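Respectively, the protein sequence lines represent chains H and D. So for the first sequence, our numbering puts the first residue at 1; every next one is plus one. So for the second sequence, our numbering puts the first residue at 120; every next one is plus one.
Incomplete in silico selection of chain H near chain D, CB under 7 Å:
(1) L16
(2) W20
(3) A21
(4) K54
(5) V95
(6) S97
(7) K98
(8) L103
(9) V110
(10) I111
(11) L115
Because the hints were derived from the structure by calculation, they are not lab data. The structure displayed is predicted, hence computed values, not measured ones. Even for Gly, the Cβ is constructed at its ideal location relative to N, Cα and C.
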Amino acid sequence: MGTGRRPAGALEQEVLSTLWASPYPLTPSAVQERLGDGLAYTTVKTILDRLHDKGMLTRVREGKAYAYSPVMAQSDLAAEAMRAALDGSSDRPAVLSKFLGELSADDAAVIRELLGELP
Amino acid sequence: MTVNVYLPVAAALLLGAAGPALGRRLPPAVATVLLTAAALATATTSLASLALLASYAVLRVPGIAAVGRLSDAVLVHGPINPMIGTVAGLALLALLPFALRAGIRLYHEAAGTYRLAKTFSAHPAAIAVIHDTRAQAFAVPGIPPLPGHAAIPTRIVATDALLRTLDGAQRRAMFAHEQAHLRRHHHLFLLLTHVAAVVNPLLWRLPDAVTAATERWADEDAAAAVGDREVLARALGRAALTNLPPTVPAMAQAHVGARVRALMAPPPPRRRALAAVIGLAIAATVWSSIDSARETDHFFDTARAAWHLAHPHIPHSASAQR
Chain H
1 MGTGRRPAGA LEQEVLSTLW ASPYPLTPSA VQERLGDGLA YTTVKTILDR LHDKGMLTRV
61 REGKAYAYSP VMAQSDLAAE AMRAALDGSS DRPAVLSKFL GELSADDAAV IRELLGELP
Chain D
120 MTVNVYLPVA AALLLGAAGP ALGRRLPPAV ATVLLTAAAL ATATTSLASL ALLASYAVLR
180 VPGIAAVGRL SDAVLVHGPI NPMIGTVAGL ALLALLPFAL RAGIRLYHEA AGTYRLAKTF
240 SAHPAAIAVI HDTRAQAFAV PGIPPLPGHA AIPTRIVATD ALLRTLDGAQ RRAMFAHEQA
300 HLRRHHHLFL LLTHVAAVVN PLLWRLPDAV TAATERWADE DAAAAVGDRE VLARALGRAA
360 LTNLPPTVPA MAQAHVGARV RALMAPPPPR RRALAAVIGL AIAATVWSSI DSARETDHFF
420 DTARAAWHLA HPHIPHSASA QR
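Chain H on its own, in the form it takes in the complex (with noise of 0.2 Å):
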């Protein structure tokens, strides 16, 4: 895939996800290689450490460089409005559009059959 230019805020975006994808810690060099698209390696640097000044990643020392992993989405508040917005009365939202909907057996079969080869 890649084109290679995005707007400053997807890229950022694709840095934080490949970040929480990963089981371990990242160092740059290992997030500009899972990303991709020939992006430098001083841009990742940039968009860590500013992510890091933000307050959204921990970094520990591994050999020469910082590794680096997510910070989980905070306060309390967050997480209790994040799980409202998951569980019960959501099923069925007003005004919130959510990534995947209640699946029906039906759909299961479904998307098995359409996507073959998946779990």
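On the provided structure of chain H, position chain D as indicated by the hints.
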């Protein structure tokens, strides 16, 4: 008049019944815009029509016409059968509890979303990740800066379970989907459709239909943004299957299966003719409502003039003069 006053009611009934099917036939962006416009137009005009019809019946109640200084002799020959007016009035009363219930529910959900947006506005980045075993993400709408109210930025919230389930390209497609919701202001379409369903509860199926259309719209936008339809289909499918076994409600609303199927097929056809017909129907409904209101106004003017002819000693009140 006699046809024009019924047309909005017929349109609301038709939209309430056929809206979801129409939404599935139209391309999702067109479906979202047209269904929202149709819901608002038919909800307000059908309510106006019922109120108008009911007013003919109410004014035939002995004594009421005199209070309004309207001539009974003219009202007797009104264009609307009082029986029909009575039925319209009863229909309004019957819809009221449903409207109240939907209104209270909408208020609570809108307030909940507002609290959520406010909570996440303190988060330092456009994306917030929270720990949850369910794979899920959602777009939290923002609020532009208003007088007396600070702006609330948009946020995308995802669970760590979802980010771990998807690969890099799939995550990109998922974020593109959520960003499409925010960029296209889908929450406003949803809010307006819910309001329409509060105004006229006959349209109760429309909010789900517009929700499905906005999901498909965001899917198509995301597929275009990443240049690949299948990658989003796989993201959806994989994430949905990890959430199994589900707690399946009798009526699932956002039909993940249908969305995956649509993404595995070529982009949807435009169906310009169908869209044009619906656009014309909306215009005709609004026109007929305005026309019937104008004729009713004219009829009551006549009744008022006749009353004053019969009571020459009572001066015209300021409000009755034109």
